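Residue-level listing of the chains:
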Amino acid sequence: MKLELRGITKRFGALVANNNISLTVESGEIHALLGENGAGKSTLMNVLYGLYNAEEGDILLDDVVQKFAGPGDAMNAGIGMVHQHFMLVPVFTVAENVVLGHEQTTFGGRLDLSAARAKVREISDRFGFDIDPDALIEDLPVGVQQRVEIIKALSQDAKVLVFDEPTAVLTPQETDELMIIMRQLAESGTSIVFITHKLREVRAVADRITVIRLGTVVGEASPTATNAELASLMVGRAVELTVHKNAPELRGTALSVKNLSVIDSRNQIVVNSVSFDVQAGEVLAIAGVQGNGQTELTEALLGLQQHVTGLIELDGKPLRGYSVRHILDSGVGFVPEDRTEDGLIADFSIAENLMLDRSSGAPFVKAGNLQLGFRAQFAAEKIAEFDIRSQGSEMEAGRLSGGNQQKVVLARELSRELRLFVAAQPTRGLDVGSIEFVHTRIIETRDSGIPVIVVSTELDEVVALADRIAVMYRGEIVGIVPGNTPRATLGLMMAGEHAPATESGL
Amino acid sequence: MSTLTQSSAPASTPIVKPAAQIRSWKIPITFGSFAVLSLFLFVVLGRGLRGELSTFRLSEGRDLIQLPEVALPTFATGVFVAVVLVLMAAASAWLVYRHTKIPIVLTILFALLFLVGFLAWAASGSTIPVPGLLIGTVTLSAPLIFGALGGVLSERAGVVNVAIEGQLLAGAFSSAVVASATGNPYLGLLAAMVAGALVSMVLAAFVLKYLVDQVIVGVVLNVLVIGLTSFLYSQVLAPSANLNSPDVFPRLNVPFLSEIPIIGPVLFRQTIIVYVMYVAIALVYFGLFRTKWGLRVRAVGEHPQAADTVGINVNRTRFIAVTLGGVISGFGGAYFTLGAVGAFNKEMTNGMGFIALAAVIFGQWHPIKATLAALLFGFATNLQNVLGIIGSPVPSEFMLMLPYVVTIFAVAGFVGRSRAPAADGKPYIK
Chain C
1 MKLELRGITK RFGALVANNN ISLTVESGEI HALLGENGAG KSTLMNVLYG
51 LYNAEEGDIL LDDVVQKFAG PGDAMNAGIG MVHQHFMLVP VFTVAENVVL
101 GHEQTTFGGR LDLSAARAKV REISDRFGFD IDPDALIEDL PVGVQQRVEI
151 IKALSQDAKV LVFDEPTAVL TPQETDELMI IMRQLAESGT SIVFITHKLR
201 EVRAVADRIT VIRLGTVVGE ASPTATNAEL ASLMVGRAVE LTVHKNAPEL
251 RGTALSVKNL SVIDSRNQIV VNSVSFDVQA GEVLAIAGVQ GNGQTELTEA
301 LLGLQQHVTG LIELDGKPLR GYSVRHILDS GVGFVPEDRT EDGLIADFSI
351 AENLMLDRSS GAPFVKAGNL QLGFRAQFAA EKIAEFDIRS QGSEMEAGRL
401 SGGNQQKVVL ARELSRELRL FVAAQPTRGL DVGSIEFVHT RIIETRDSGI
451 PVIVVSTELD EVVALADRIA VMYRGEIVGI VPGNTPRATL GLMMAGEHAP
501 ATESGL
Chain G
1001 MSTLTQSSAP ASTPIVKPAA QIRSWKIPIT FGSFAVLSLF LFVVLGRGLR
1051 GELSTFRLSE GRDLIQLPEV ALPTFATGVF VAVVLVLMAA ASAWLVYRHT
1101 KIPIVLTILF ALLFLVGFLA WAASGSTIPV PGLLIGTVTL SAPLIFGALG
1151 GVLSERAGVV NVAIEGQLLA GAFSSAVVAS ATGNPYLGLL AAMVAGALVS
1201 MVLAAFVLKY LVDQVIVGVV LNVLVIGLTS FLYSQVLAPS ANLNSPDVFP
1251 RLNVPFLSEI PIIGPVLFRQ TIIVYVMYVA IALVYFGLFR TKWGLRVRAV
1301 GEHPQAADTV GINVNRTRFI AVTLGGVISG FGGAYFTLGA VGAFNKEMTN
1351 GMGFIALAAV IFGQWHPIKA TLAALLFGFA TNLQNVLGII GSPVPSEFML
1401 MLPYVVTIFA VAGFVGRSRA PAADGKPYIK
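Chains C and G are the protein sequences, given in the same order.
FYI, our numbering numbers position 150 of the first sequence as 150, with every residue one higher than the one before it.
If you want our numbering, it's the 1-based position in the second sequence plus 1000.
If you are wondering where the hints come from, they were derived from the structure by calculation, not from laboratory data.
Just so you know, these numbers come straight off a predicted model, no measurement behind them.
Just so it is clear, CB atoms sit at the ideal spot from N, CA and C, and this is done for glycine as well.
Watch out, some of these pointers could steer you wrong.
Claimed, not checked - Using C-beta positions, here's what the derived DEER-type ranges look like:
| # | chain 1 | residue 1 | chain 2 | residue 2 | range |
| --- | --- | --- | --- | --- | --- |
| 1 | G | Met1201 | C | Ser265 | 34 to 42 Å |
| 2 | C | Val64 | G | Ile1272 | 34 to 42 Å |
| 3 | G | Thr1107 | C | Gly128 | 55 to 63 Å |
| 4 | C | Val243 | G | Ala1422 | 35 to 43 Å |
| 5 | C | Asp62 | G | Ala1422 | 52 to 60 Å |
| 6 | G | Met1201 | C | Thr105 | 41 to 49 Å |
| 7 | G | Val1219 | C | Glu187 | 55 to 63 Å |
| 8 | G | Asp1213 | C | Ser265 | 56 to 64 Å |
| 9 | C | Gln184 | G | Val1212 | 44 to 52 Å |
| 10 | G | Phe1256 | C | Ser265 | 46 to 54 Å |
| 11 | C | Asp347 | G | Ile1272 | 50 to 58 Å |
| 12 | C | Gln290 | G | Val1212 | 48 to 56 Å |
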């Protein structure tokens, strides 16, 4: 089926999310929609899927203008969507999720789940998925959940399939498999819209590329274009794709973690006997697919987890079992992975956010009184130093862009006397400019002789920053390898295979 | 512990994380406290030392099949129960120490045994009418069960229903008035359902359309219904008594079934309201877990956005579920007037709606489990009645607290962390 978008404009108040966007996807074609976070890709697809109504423009399927009042209409017209955040009910089975909204019933309104199971089996056989229709979604790995999303779309005979940032949660191997599935689908005549900001993937699989920036189409490209060309088109200026850094200047072991285990509130071992050292002056990157224990590991370092066993020593002093306050005072800086939830208080001003972890004494508080003058001056300095684009230090942090919010978090954490710096997903959801900035600051921190732990699910980021890489899989460290380890090896390790020559515990 | 699979398992196998080894001493501590309590009550206090008997009457006088009365020596029974309870507490501590899961059977046995010991102790020198105790349990549980079913429906769809109390009270009021005015108690039942539905529609409208905080709307609705019914009672019902004298439903004996020993009188010598309750429990269970409608209701309560993206109208589904919940709760309200008292009184629901809400949570948002929880609270209430009649050694003020103490223990202690529908209480905004 041929999909055509003509002059789509979508506004949210004063903000123009999509400005006169036109796009054509031929039958059996994989059309990549490339753009930075916040460029308007997802908005456009939500318009296509009937979740939003566009102010202007038409959606045409096989040259017939469509009117979608909701996702139901879009689905009936043959549009399917694999959402970035999976639209699956975690406590339902695969079969229940696939039929939801299109249930078949037998006598007395009873749900016909056997028909649903048959449908799941039929589609998963067609693509060689091997999925148990009766498995609960919450028990399945994300890669499999994504296949359930695909099955869900295909079970409605989707002729146009939209993949919204599908590789964000996948291992490199799973990504490769997804590419093969997308090719298979395209060959069987399905038109595919592939939304992403990862250049490598676009060049691997797309037939055509449309680049959008700030809500407008800025150009089309062919898959033969180079990374640099695509990146500069996407960002609007020439971009440095690599981080400049010198060889690390190692200054002896600073952080030492031995047999660290974390048990979560559901009584499951989420970090299982993990050991590693970090030297002052190096970046240890912790790679791995989301949900393999990285979050709990960093939280354990900060004293945020309840059931932790093992040993954590910073400069020879134990950290485990102490309060978060004590750990912060010991010189640990922490950038949490969800900056809007854990990093900032959105309704507080920039200045208030900058002093959040120093509310217990001088110089910010004297005799129980906030030192507003000092705080304003401090905030002004940090805003200048970290180039936080804002309307002054009293602006609410929630109204900043993602990149500037992250700069506030960085400014707060890096302006203390640090002995260890832990950054979890420091560039998630940021634009290229902000990513450059954050990476530069992390390397500067390293070069000033502070041990740095960077947790990232993005292999690009891991490779760019790391001096050594620890790969986590199902709560364990599969291996610790040098920073120049080939991506293919890292990819295999992220799927749980041990490195050929593991220098574990180094 | 050695079950953690390291090799790259096939992608579709669920992640099996090993169960961790945190010892939870909650159950041994609870068992221990009760064992100590029973040692103190049954042994140290020395009640029944002069050879008193505690008699359990198992049949009612008009039963076809008469079971013999069971007479237990009070003190000996007490000592036996206390010793066994101590042993069970020790066993549970040992199980926890060994990282073995405490079987639910042990908990049930423990509770039953404590109950038998307590009854024998309380009834020293007198007789406990067991059928009466249980019949009253089912009868008194009826409004709780209706309220809990209404709550389950509403909360499964993602709307916290604090207004159960208001729905019960509105049902009680309108059923009394309509049944009195028309002389037809069945029309009274209908009116109760309409009243419950109206209350929940107000809840749904504010919560779904205007996105007001669900708990606040619920609390305000309760206060509103209390105020409104109290006002109408004193202004309208009190002066003209013929508006507040409905016929009470008689107890109907189901042929044959009602003659089964113990179970028969308990389950099948009840009013039509209780029989409707049996049907309602089955219908809510079937509706939620076996039908297309139920799948959608649960989807909307767990992950409304996922439901929206497959073309389900989230707010409409929620509205219908909340309204249906109100219908059921309102019907339960009719119990107070048409099933028991025969007249409406100010605030006659007396907090039962909140106990029903506790039953929803204790029952883990499941209609059958919530019913069992409601029965537990009903039993505690009736136990207090029965012991009050036969004269128990516990001060009556203490016994009046019993249902609420049970509620607090049940919700806070034994449930632990039960999982609510993921989107319960959260408005859906696109």
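Here's how the hints hold up against the structure:
In this structure the hint that Met1201 (chain G) and Ser265 (chain C) lie 34 to 42 Å apart at CB holds, the actual value being about 37 Å. Judged by the Cβ atoms, the range 34 to 42 Å given for Val64 (chain C) and Ile1272 (chain G) is violated: they are separated by roughly 58 Å. Checked against the given bound of 55 to 63 Å, the beta carbons of Thr1107 (chain G) and Gly128 (chain C), roughly 47 Å apart, lie outside it. Between Val243 (chain C) and Ala1422 (chain G) the beta carbon distance is about 39 Å. The supplied range of 35 to 43 Å therefore holds.
Between Asp62 (chain C) and Ala1422 (chain G) the C-beta distance comes to about 39 Å, which lies outside the given range of 52 to 60 Å. The given range of 41 to 49 Å is broken by Met1201 (chain G) and Thr105 (chain C), whose C-beta atoms sit roughly 27 Å from each other. At roughly 59 Å, the beta carbons of Val1219 (chain G) and Glu187 (chain C) sit within the given window of 55 to 63 Å. With their beta carbons about 26 Å apart, Asp1213 (chain G) and Ser265 (chain C) fall outside the hinted range of 56 to 64 Å.
Between Gln184 (chain C) and Val1212 (chain G) the CB atoms are about 49 Å apart, so this pair conforms to the stated range of 44 to 52 Å. A hinted range of 46 to 54 Å for the beta carbons of Phe1256 (chain G) and Ser265 (chain C) is consistent with their spacing of about 51 Å. Against the hinted window of 50 to 58 Å, the Cβ-Cβ separation of Asp347 (chain C) and Ile1272 (chain G) comes to about 55 Å, which satisfies the hint. The hinted window of 48 to 56 Å between Gln290 (chain C) and Val1212 (chain G) is violated, with their beta carbons roughly 36 Å apart.
Comparing the model with each earlier hint shows violations of hints 2, 3, 5, 6, 8 and 12; every other hint is respected.
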